[in-house]
Amino acid sequence: MDDLYREQILEHYKNPHHFGEITDADITQEGDNPLCGDVITLYLKLDDGRVGDVRFRGRGCAISQASASMLTDMIVGKPVQELKAFPTRDLLEELGIPISPARMKCATLSVNTLRVALNGDSHEEED
Amino acid sequence: MIEARALNVEKVREDFPILSRRIHGRPLVYLDSAATSQKPATVIDAMDDYYRRYNANPHRGVYALSEEATAAYESARQRVASFINAASPKEVIFTRNTTEAINLVRYSWGRANVRVGDRILLTEMEHHSNLVPWQLLAQEAGATLEFLCIDDQGLLQLDELERKLEGVRLLGITHQSNTLGTINPIKAIVEVAHRAGALVLIDGAQAVPHMPVDVRDLGVDFYAFSGHKMCGPTGIGVLWARRALLEAMPPFLGGGDMIKRVKLREASWNDLPWKFEAGTPAVAEGVGLGAAVDYLCGFGMDAVRAHERTLVDYAMERLQDIPGITIYGPRDPELHGGAVSFTLPNIHPHDLATLVDREGIAVRAGHHCTQPLMDRLGVPATTRASFYIYNRADEVDQLVNGIQKAQKVFA
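Just so you know, the sequences run in chain order A and B. Our numbering puts the first residue of the first sequence at 1, with every later residue one more than the last. Our numbering puts the first residue of the second sequence at 128, with every later residue one more than the last.
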């Protein structure tokens, strides 16, 4: 049981990175997963075409909240144009645990919310 | 009350092939029977036998196989009828499941009877299947929905019943809440509803598998339930309704079998119950449901209820010792059926369910198709353990151990 949720995931869940709000954010995007009741709000401050700062608030299971925390680490400072096609698998690799089909929506809530924030919809570009 | 003889759980478990499975290297602890029950070998064999020996399209075949299939399917209907003490098998309509049975009433009775300004009264604890069909009907007919509220123990606030029944055509209510476990006092509710001129539809999906149900004694008008939660197969459910209501209702789905005489521009309807059963029916599933009824009758539903009551009692006692836990639903075991929902302060239900799954324990986590009830309870989701005839007290202990291990992971 212990190895299922890696220490890193639990650490992100208990002490999420970039947790909070940006009051003068350029983009504020809510995302939810009504089936599980997971919710996150993503705040993005843009700086010369890059993500200058990012914060999130949310509540839900450890997978959804840890993945949001990890995602903020992965996107800060990156060009918006590049992030518009942020691949889901990069985040899943960062999570580093097998995600069952039933939990996939939890794992991808943050990256789907990012795509909606930057593209207006969550459609992932075909590789 | 008749003293129910105790179930021999070890013997019962031998009847269910799936219970010998191991999950993640551990023996399966199946605590999700409120979602679907496991199936005894007699049910699996009955369906297998149908396909191997007498599979044919029933009702009009004039050859031996078709006659055998018809006899088996209609015999299942008779056994279901006597199981719920229906006045006649003609009142037993086979549907796909509880949801379809309720939708049958929504389309057939609802469209013909619900008008602008009419009210439909439901409760805060309804499963989506006894809520969304009525939202659709209300939107279509210009009717309004009203709701009976629950108190903090998950009991209906019945002192408001009479007032809320004003102008109500139909009261839709669950017999036993799939999330809270609450057993509602249907007979008393029906008396009040009928005095106010409302018909009563019961969602019995969580009741028929777990306790004696006598539709005539309850005095209800419509009663819906599913085969797959009562040891039977998926794909078959039942709508029972009083014959006079069914006679007056227009058909639901049109097609073969539900007709008497068809011309190019019109048709006349078959007799009950077939008027409401268009198309080739789910014969194997009907046969399986019949076998499931026979199987449950072997114990008697008083014994089934008594067994689950003991397990719920024990589960409540063990669970309440877990620090920080919130348990939902009635404290009185007399009012609490075989499903126990709870939340823990620092572990989301999905994380808990994922972690105990590694120990072979199957529990459900989520909103249990009762999102408005989750809103009322102020939680996004709960974890639910639900019990049936094959569950043992030591499986409650294993669940408690699993929760404690999960708490260590999240500590």
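One thing to keep in mind: the hints can contain errors.
Unchecked claim - Derived DSBU-like pairs: lysine-lysine, alpha-carbon spacing no greater than 30 Å straight-line:
{"no.": "1", "chain 1": "A", "residue 1": "14", "chain 2": "A", "residue 2": "84"}
{"no.": "2", "chain 1": "A", "residue 1": "14", "chain 2": "B", "residue 2": "532"}
{"no.": "3", "chain 1": "A", "residue 1": "14", "chain 2": "A", "residue 2": "45"}
{"no.": "4", "chain 1": "A", "residue 1": "14", "chain 2": "B", "residue 2": "535"}
{"no.": "5", "chain 1": "B", "residue 1": "138", "chain 2": "A", "residue 2": "105"}
Claimed, not checked - A partial selection of chain A residues facing chain B, derived with a Cβ cut-off under 10 Å:
{"no.": "6", "residue": "65"}
{"no.": "7", "residue": "103"}
{"no.": "8", "residue": "112"}
Hints in this document: simulated from the structure, not taken from any laboratory. Note that CB positions come from ideal geometry on N, CA and C, so glycine has one too.
To see whether the hints hold, each was checked on the structure:
1. 14/A <-> 84/A: holds (28 Å)
2. 14/A <-> 532/B: Given that 30 Å is the threshold and the Cα spacing comes to 17 Å, the pair holds.
3. 14/A <-> 45/A: Holds, at roughly 24 Å.
4. 14/A <-> 535/B: Answer holds: residue 14/A to residue 535/B is near 14 Å, not above 30 Å.
5. 138/B <-> 105/A: Violated, at about 41 Å.
6. 65: Given a least distance of 8 Å, the restraint on residue 65/A holds.
7. 103: holds (7 Å)
8. 112: violated (17 Å)
In this structure, the earlier hints numbered 5, 8 are contradicted, and the remaining ones agree with it.
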